[in-house]
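**Student:** Listed here are the chains, written in short residue letters.
Protein chains: 2
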Amino acid sequence: MNVRLDIEYDGSEFHGWQRQLSGPTIQALIEDILSDVLNRKIFVYGASRTDSGVHARGQVANFHDESGRLSPTQWRSILNYRLPRTIRILDSGEAPATFHAQKNALAKCYEYRVLNRSYASALDRRVYFHPRPIDWNRVRRALPYFIGKKDFQSFQGAKSTVLTTVRSVHRFDLEEEYPGLYCFKVEGSGFLKQMVRTMVGTVLEAGEGKRDPDSIPEVLAALNRRSAGRTVPASGLCLMRVYYENASSAATA
Amino acid sequence: MNVRLDIEYDGSEFHGWQRQLSGPTIQALIEDILSDVLNRKIFVYGASRTDSGVHARGQVANFHDESGRLSPTQWRSILNYRLPRTIRILDSGEAPATFHAQKNALAKCYEYRVLNRSYASALDRRVYFHPRPIDWNRVRRALPYFIGKKDFQSFQGAKSTVLTTVRSVHRFDLEEEYPGLYCFKVEGSGFLKQMVRTMVGTVLEAGEGKRDPDSIPEVLAALNRRSAGRTVPASGLCLMRVYYENASSAATA
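Protein sequences appear in the order of chains A and B.
Under our numbering, the first sequence has 231 at position 231, and the numbering climbs by one with no breaks.
Under our numbering, the second sequence has 1089 at position 89, and the numbering climbs by one with no breaks.
Please keep in mind that the hints were generated in silico from the structure rather than gathered at the bench.
Residues on chain A that point at chain B, a partial pick, calculated with CB under 10 Å:
{"#": "1", "residue": "Y9"}
{"#": "2", "residue": "R57"}
{"#": "3", "residue": "R76"}
{"#": "4", "residue": "N80"}
{"#": "5", "residue": "L83"}
{"#": "6", "residue": "T86"}
{"#": "7", "residue": "R88"}
{"#": "8", "residue": "I89"}
{"#": "9", "residue": "L90"}
{"#": "10", "residue": "A122"}
{"#": "11", "residue": "R126"}
{"#": "12", "residue": "Y178"}
{"#": "13", "residue": "G180"}
All values derive from a computational prediction rather than experimental measurement.
Glycine included, each C-beta is placed from N, C-alpha and C at the ideal position.
Isolated chain A, as found in the complex:
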């Protein structure tokens, strides 16, 4: 049986999704429980390889269990019982045999939060705390330049072996959730490594007066990481949702 999992996590304490020797990762924690229960090595495929410190409200993963012993609901219970409280399986379901959480993903939605006021928050820790002033109108002016199918090589924050750096960005919006708390909503067909964090870092530099909001087309045309801005911290980033052709959640997979 091909089991789909919908997963939420606070990335603060983890070394990202993908198994690492450096420390605990979400993939490794889940795989180790599954492998222990089934007494054989199980691989879990995640839709997004979220970086160290990045959070998720809607990560999707799948694994194959040929034992026939446990239902998706039982897997969810076992995992939630054994995982740390900062990782929760929200939903589980049987997916078609060919379903692959990463390869079948059509689009992904991320949010990035910036707290722009004098003092850090007593309540909201999963943000990028940025006390220096930002002109948010300048930030907003830079956003539309990212929409469309483009080569995002300039925004590939780290070395990677991807075949193409062309991606489609469908949405790049900004909302003020409460005074000082700004949330970027980014949706696209897929994202290069650190691409969202480098997009946000670049438009923030426009808001800081360090670059022209209208210079984004040139940054894109340069096809060079050095032309873009800094990569902002992982703490502000959250994977919100992964879109597939049919199923919108594991329950309906």
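Let chain A serve as the given structure and place chain B on it in line with the hints.
**Tutor:** Only chain B this time, still in chain A's reference frame:
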């Protein structure tokens, strides 16, 4: 000088606003810093005596400093430097000499969050986690009965010495922030002890099928705590804002 403070806190680790012998409180922590700096006993008046475990994004307080040595901005810096990170002074300003954060409050706004799904959250801890099913349409039907100037004695969750139990409730709404996360927004002229938590507990019982949503007028008419529902946990409650005649924040006090 009469100094106004706008304060945010995560109530999880504190024994409420008001000074207690049982453990650390927000009032005591602030008063102790002010008293230490000024080398005399300073009293801090808070708009709302939030209970143990209750959070705040917009608590307001004031204190009198006759030393003339420090500006409101300097007070804010000193307090934020010495307070735990789970308490932040968001704003400070000079208030009129007669301003009293509690006595001058015209209205207050609270939010109460319920997480109604199978598994607790990896991300949202400041909620009331309620895994059993709730019919939210029944909850919604019960809300309008609370609006208006009424005697809320049935919803006074604990013994108190208030002169009157008549209060005006201006707003009692419900919003679904994301699947399973329900947020009540309550606004009124003032609230009795544990009143918001008992209002929410009572309408949740309507949603659980334990009482008729249309029975709220009878509950109010009974003027008896036993006719209302349970008092839900403090963890879900947050003081959002206190309204005054002129100033909307310490910066404009």
